[in-house]
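Chemist: Sequence:
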Amino acid sequence: MLDPSEIYEVDPDVAARLDERSEGGRGPVLVHAVRGFIDAGNAGQIAAEHLSGELSSVRLASFDVDQLLDYRSRRPLMTFDATTWSAYEEPELVVDLVDDAAGTPFLLLHGVEPDVQWERYVAAVRQLVERFDVPLTVGLHGIPMGIPHTRPASVTAHATRPELVADHPSWFGTVQVPASASSLLELRLGQQGHDAMGFAVHVPHYLTQSSYPQASIAALHAIEQATGLELRTTALTAAATEATAEIERQVAQSEEVSGVVQALEEQYDAFARSSGRGSLLARSADLPTADEIGAEFERFLAEHGDSADD
Numbered sequence: 000m001l002d003p004s005e006i007y008e009v010d011p012d013v014a015a016r017l018d019e020r021s022e023g024g025r026g027p028v029l030v031h032a033v034r035g036f037i038d039a040g041n042a043g044q045i046a047a048e049h050l051s052g053e054l055s056s057v058r059l060a061s062f063d064v065d066q067l068l069d070y071r072s073r074r075p076l077m078t079f080d081a082t083t084w085s086a087y088e089e090p091e092l093v094v095d096l097v098d099d100a101a102g103t104p105f106l107l108l109h110g111v112e113p114d115v116q117w118e119r120y121v122a123a124v125r126q127l128v129e130r131f132d133v134p135l136t137v138g139l140h141g142i143p144m145g146i147p148h149t150r151p152a153s154v155t156a157h158a159t160r161p162e163l164v165a166d167h168p169s170w171f172g173t174v175q176v177p178a179s180a181s182s183l184l185e186l187r188l189g190q191q192g193h194d195a196m197g198f199a200v201h202v203p204h205y206l207t208q209s210s211y212p213q214a215s216i217a218a219l220h221a222i223e224q225a226t227g228l229e230l231r232t233t234a235l236t237a238a239a240t241e242a243t244a245e246i247e248r249q250v251a252q253s254e255e256v257s258g259v260v261q262a263l264e265e266q267y268d269a270f271a272r273s274s275g276r277g278s279l280l281a282r283s284a285d286l287p288t289a290d291e292i293g294a295e296f297e298r299f300l301a302e303h304g305d306s307a308d309d
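According to numbering that gives the first Met the number 0, the sequence shown is numbered sequentially starting from 0.
Wrong hints could be hidden among the right ones.
As the list claims (entries may be wrong) - Computed beta-carbon distance windows for the label pairs: (1) 191 - 85: 39 to 47 Å; (2) 192 - 233: 31 to 39 Å; (3) 118 - 83: 34 to 42 Å; (4) 175 - 65: 31 to 39 Å; (5) 63 - 23: 31 to 39 Å; (6) 15 - 103: 14 to 22 Å; (7) 227 - 177: 14 to 22 Å; (8) 177 - 15: 35 to 43 Å.
FYI, nobody ran anything at the bench for these hints, they're computed from the structure. Think of the CB as a built atom: it goes at the ideal place given N, C-alpha and C, for glycine as much as any other residue.
Construct all of the structure, not just a fragment, from the sequences and the given hints.
Modeler: In structure tokens form, the structure reads like this:
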């Protein structure tokens, strides 16, 4: 493996400030939400933008994205203005030092997921974890699930030690899924004796491609409970209320869509009343599958997209 320390730079002044604030050798929690893998409802992206925008922060470290990205598979956007190229949305992968609402420092790793050199990237993050005595690393993102938007959001919690997620139910058995840089980071940190965990918030299947602030709020609440940080989630309330109102407006326009949402509510409520289920979905031959409901709702949104944009 190439030297991990050569793909990132640390601001020495910010690092010195962080070292001064560390208490008894205990450093800050590291929260990470990188874009590129599954993030239903943009749950992780909205949460990261909320944390970096709502709370006071400074740049601690920057990764050399030129070594980590495949530009031809994920082309950044540029702006052409009449006769000239006027702007370039430069991709970034960074670590910020953030103060929560109570002034407690934590680290926020956000930006684009590396396309290549995953092991080197993970080793680099581990160097930062060890350099700044990070006691816990926490990731977040959204996953699609056959649940209705009218019920409380839930999360799938995972960790390097079962004690870290003892208060959370397990929704799944043993499954194989496509890897991500974030999941590999959690695995490798655990193998090196570091505590790491993550929260995959459940997003209604039919809202996977939409921005769903409710999911971000649920993920941030889970992080607050796990870490004791105060993340000002109430600042997302207005966006969540607006999103709910738009969903309800579009649902009300179609009896067919209202029917499939009601079916999801029946599934959810049946599960809530049951015990010993291995899945979030109650078994019922009379109810449509999540794929069928998602396809129906996406078709409805596509047909009504023009009116929704007005």
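Chemist: For each hint, tell me whether it holds in the structure or not.
Modeler: A quick look at each hint next to the structure:
{"no.": "1", "hint": "191 - 85: 39 to 47 Å", "in the structure": "holds, 45 Å"}
{"no.": "2", "hint": "192 - 233: 31 to 39 Å", "in the structure": "holds, 37 Å"}
{"no.": "3", "hint": "118 - 83: 34 to 42 Å", "in the structure": "holds, 41 Å"}
{"no.": "4", "hint": "175 - 65: 31 to 39 Å", "in the structure": "holds, 32 Å"}
{"no.": "5", "hint": "63 - 23: 31 to 39 Å", "in the structure": "holds, 33 Å"}
{"no.": "6", "hint": "15 - 103: 14 to 22 Å", "in the structure": "holds, 19 Å"}
{"no.": "7", "hint": "227 - 177: 14 to 22 Å", "in the structure": "violated, 33 Å"}
{"no.": "8", "hint": "177 - 15: 35 to 43 Å", "in the structure": "holds, 40 Å"}
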